[in-house]
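J.: Sequence:
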Amino acid sequence: MKFLPLAAFVSAVVALANLLIQVRRARFNQRIDLILKLSERFDKAEMRAARAKAAKALRVDRDTTSAQVGEVLSFFEEVGFLLERGAIDVDAVYEFFEYWTVPYYQATTQFRARERASYGDLYSELEKLRCALARSEPKGDRDEGDLNRFLDEEAALAGVAPHVGTARRKRRN
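The sequence shown maps to residues 1 to 173 in the UniProt record's numbering.
Just to be clear, a hint being listed does not mean it is correct.
Heads up, simulated DSS-like pairs for lysine-lysine below, C-alpha to C-alpha not over 27 Å straight-line [to be verified]:
(1) Lys44 / Lys56
(2) Lys128 / Lys37
(3) Lys139 / Lys56
(4) Lys44 / Lys128
(5) Lys56 / Lys128
(6) Lys128 / Lys139
Taking CB as the label site, the calculated pair distances span [claimed, not checked]:
(7) Phe3 / Glu127: 55 to 63 Å
(8) Leu4 / Leu34: 43 to 51 Å
(9) Leu4 / Glu84: 45 to 53 Å
(10) Phe9 / Ala87: 30 to 38 Å
(11) Arg31 / Phe3: 36 to 44 Å
Derived from the structure by calculation, the hints contain no laboratory data.
None of these values were measured; they are calculated from a predicted model.
Idealized CB from N, CA, C, for every residue including glycine.
Kindly produce the complete structure, drawing on both the sequences and the hints.
T.: Pasting the structure below:
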């Protein structure tokens, strides 16, 4: 009978440990599900069309007023918001979106400055996202030639069917 309280205590500790493991597993699954949904949304026809129009506008004039540039940046702003809140992790964001985030961030410096002059902290989550990715990106910013090649590639998206998992497969050499 002396072991009954000890057995109850051990059972409670094991149950609590199991609960914590299940909670961690559920949070991990939610993070994976969310990053996959973001990837799917980024590769949908509507977003690909917006990216193509944004890239064309940025290729012509980095100080464009194109609404599509704002649409693309708003997507990355949302990714930054979710990263900042811990809903997704930086490794997943790097793997799925770094290829696009960095060049769009670079190409929209003037656009963002103009918008911020009117709307204060607009794109502040994008700024945080870029800083988080910079810690994972040893190569840093793209040079002008790489940036123009990227914009040309994005501009060609209109009318091209997406590939499953495109966001994950794009890697910078």
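J.: Does the beta carbon distance between Leu4 and Glu84 stay inside 45 to 53 Å, or does it fall outside?
T.: At roughly 49 Å between Cβ atoms, Glu84 and Leu4 fall inside 45 to 53 Å, so the hint holds.
J.: Tell me if the straight-line CA distance from Lys44 to Lys128 falls inside 27 Å.
T.: holds (25 Å)
J.: If you draw a straight line from the CA of Lys139 to the CA of Lys56, is it 27 Å or shorter?
T.: Holds: Lys139 and Lys56 sit about 25 Å apart, inside 27 Å.
J.: At the C-beta level, are Phe3 and Glu127 separated by a distance inside 55 to 63 Å?
T.: Taking Cβ atoms as reference, Phe3 and Glu127 lie about 59 Å apart, which means the hint holds.
J.: Could one say that the CB atoms of Phe9 and Ala87 fall in the range 30 to 38 Å?
T.: holds (36 Å)
J.: Holds or violated: Lys128 with Lys139, Cα cutoff 27 Å?
T.: Within the cut-off at roughly 18 Å; holds.
J.: Between Lys56 and Lys128, is the straight-line Cα distance small enough, at 27 Å or below?
T.: At roughly 26 Å apart (the allowed maximum being 27 Å), Lys128 and Lys56 satisfy the hint.
J.: Regarding Arg31 and Phe3, is the given constraint of 36 to 44 Å on their beta-carbon distance met?
T.: holds (41 Å)
J.: With a cut-off of 27 Å on the C-alpha distance, tell me whether Lys44 and Lys56 pass.
T.: Holds: Lys44 and Lys56 sit about 18 Å apart, inside 27 Å.
J.: Checking one constraint from the list: CA of Lys128 to CA of Lys37, max 27 Å. Satisfied?
T.: holds (21 Å)
J.: Go ahead and decide if the range 43 to 51 Å is satisfied by the Cβ distance of Leu4 to Leu34.
T.: holds (45 Å)
Checked against the numbered hints given earlier, this structure breaks none of them.
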